[in-house]
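Chemist: Protein chains in written order, with the numbering used here: chain A, 2 to 269; chain B, 495 to 820.
Just so you know, these hints were derived from the structure itself, not from any lab. There's no promise every hint is true.
[Unchecked claim] Covered by chain A, per the in silico footprint, the following chain B stretches (three or more residues, Cβ under 8 angstroms):
id: 1; segment: 530-541
id: 2; segment: 567-573
id: 3; segment: 700-709
id: 4; segment: 722-732
[Said to hold, decoys possible] Under 8 angstroms between C-beta atoms, here's a sample of chain B residues computed to sit facing chain A:
id: 5; residue: V609
id: 6; residue: T612
id: 7; residue: R666
[Claimed, not checked] To list a few chain B residues with every Cβ distance to chain A over 10 angstroms, as calculated:
id: 8; residue: E550
id: 9; residue: A607
id: 10; residue: F672
id: 11; residue: A692
id: 12; residue: A717
id: 13; residue: I806
Don't be surprised by glycine CBs; every beta carbon is placed ideally from N, CA and C.
Residue-level listing of the chains:
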Amino acid sequence: MSAADGPPLLEAERLALRVGERWLCCEFSLELAPGECLALLGPNGAGKSTLLHTLAGLREPTVGEVRLGGLPYAGWPALAAARFRGLLAQQQPDHFAARVLETVLIGRHPHLGRWGWEGGEDLAIARRALADVGLAGFEQRDLLTLSGGERQRVAIAALLAQAPKLFLLDEPTNHLDLHYQIAVLELFRGLCRAPAADEAAPGRGAVMVLHDINLAARYADQVILLDGRGGVVAGERDAVLRADLLSQAFGHPLRRFEFDGRVTFLPD
Amino acid sequence: MNRTLRPLLVLPALALAGAAALMWALAAGELPVSLADALAAAFGGGEGMKAQIVRELRLPRAVATFVCGGLLALAGALMQVLLRNPLADPYILGISGGAAVGALGAITAGAAAWVIDTAAFGGALAAMLLVFGLAHGDGSWTQTRLLLTGVIVAAGCGAATTLMLALAPDVRVQSMLFWLMGDASGAARPWPALVVLAAGLALLLPFARDLNVLARGELTARALGVRVAGLRRALYLLASLLTAAAVTLVGSVGFVGLIVPHLVRLALGNDQRLLLPAATLAGGILLTVADTAARTVIAPQQLPVGVLTALIGVPVFLFLLARHPR
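Modelling step: build the complete structure from the supplied sequences, incorporating the hints.
Modeler: Below you can see the structure in the form of structure tokens.
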């Protein structure tokens, strides 16, 4: 893990969320330092997306406070926050025909002024982002002609073009085949681990909602496990990814295996 | 083509085409006028009957149809963004229905032309506020709720319109039908609507990129720093006002607001910074050409312009749709 110089990317202090009458998670705290990946796990409807949106500042927490780069969201202008943290939504709405390159360039929005127009540098960033997700050559394709997995990668490219320090990913592996599931998570971990380009901009971090426990075991440094009944276990990966805790949260017995030093969980 | 250069080429080309359409509208008619005379007359020169016809009849009508087409196309493009629905048009949320109820009520009462205009505008505003209030009721203001509320209000207005047509004395039915189909012959005062159109476009253009972001979904747009709730309210109010101005000016001309944004999108892509001004110009061109054709093709008989827009628009649209590779 990289040395945490400067404030953590993201902090949640004594956070608790309630939707209607139901508590999604009881009070817990987290701190994400530059260079770290955090995985959010839990059964369907446990509130993973709601928690992620709260961490993104798009929802008020019921209790507690979320701080981005050491500052509560209330202190962030919307566009400045958009340059610091980016969100990959769970679903990509594509109702109108649009070129892939245009769609990726939308990620540059917070970097442009009110009258600004994307310049050569923005175009280069967008093309590089497309190449990073294996979509080089798709620039002029119509979004509506792409497959689900390709559209998901276009959305990821748009997020890369946004170039935030903190990636908030809601099921980034949605619709992706095995190869791209690994490739995309490798990509984000690589971005988090990459040495800071300059002193003023320390490394990046990621929070990702995942369904695959084994991908979480492979890519996460920290894990938050929601059990769908308000219970939360948060902490270092190995402290949370335990067969007993996972079995209880998912309501299905799981067994832990270790091959070549890699931890794997299999359902019984 | 270079992305930043494209608007600099497309928009002047459309503006030129618009000028040509307006010139044709001034020159063509039962009494043909040469282009030079028409232009001179339009700018205040020239004497005699020809100049008078150009100045007092053709010029207001040409401007009215151009402005109305522009208003409808712009409002349609905005409604499609707001509702994220390709079937959205300016009338989908009941604005024209409200205007029709107001206008037909005034026609039934035998009111003067300016009273009919005022009643139409009042009806449109009433429908707009009704839909806004009802869709906003529980504070959720979702697309589906807005769409359903608007469609229901539009259906109610449609029933009221049909009732008025059924009960109206025969002498009024003809002018009612012409109002409903869209009729530019009575449009004598196009200038306020022109101001509305120019102001609307000027207000929108700085936010056109925010509209692009909105197309990525509400959540993503908020995460990208767009103030979605305020933007959507402003969009709704602005699109409704544009529509109200258009139907007050010419009546419920169909197809322009639905087809022109799609035509422009097929030709130029979905970047709102280019789409909004291009659709405005293209809408103006289409309606001006349609109206000029409507009053010259089988002169002295005049066709309702709404029929012509459909006759021109539908085949062009189908051709583009078929040609566009998916």
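Chemist: Next, verify each hint and record whether it holds.
Modeler: Each hint, compared with the structure:
1. 530-541: With 0 residues in contact (Cβ-Cβ under 8 angstroms with chain A), the coverage given for the segment 530-541 of chain B is violated.
2. 567-573: violated (count 0)
3. 700-709: holds (count 6)
4. 722-732: As far as the segment 722-732 of chain B goes, the hint is violated, because 0 residues have Cβ atoms under 8 angstroms from chain A.
5. V609: violated (41 angstroms)
6. T612: Given a least distance of 37 angstroms, the restraint on T612(B) is violated.
7. R666: Since chain A brings no Cβ nearer than about 42 angstroms to R666(B), farther than 8 angstroms, the hint is violated.
8. E550: holds (41 angstroms)
9. A607: The claim holds: A607(B) sits with its nearest Cβ about 40 angstroms from chain A, beyond 10 angstroms.
10. F672: holds (35 angstroms)
11. A692: holds (18 angstroms)
12. A717: violated (4 angstroms)
13. I806: The assertion about I806(B) holds, with a minimum of 23 angstroms to chain A.
In this structure, the earlier hints numbered 1, 2, 4, 5, 6, 7, 12 are contradicted, and the remaining ones agree with it.
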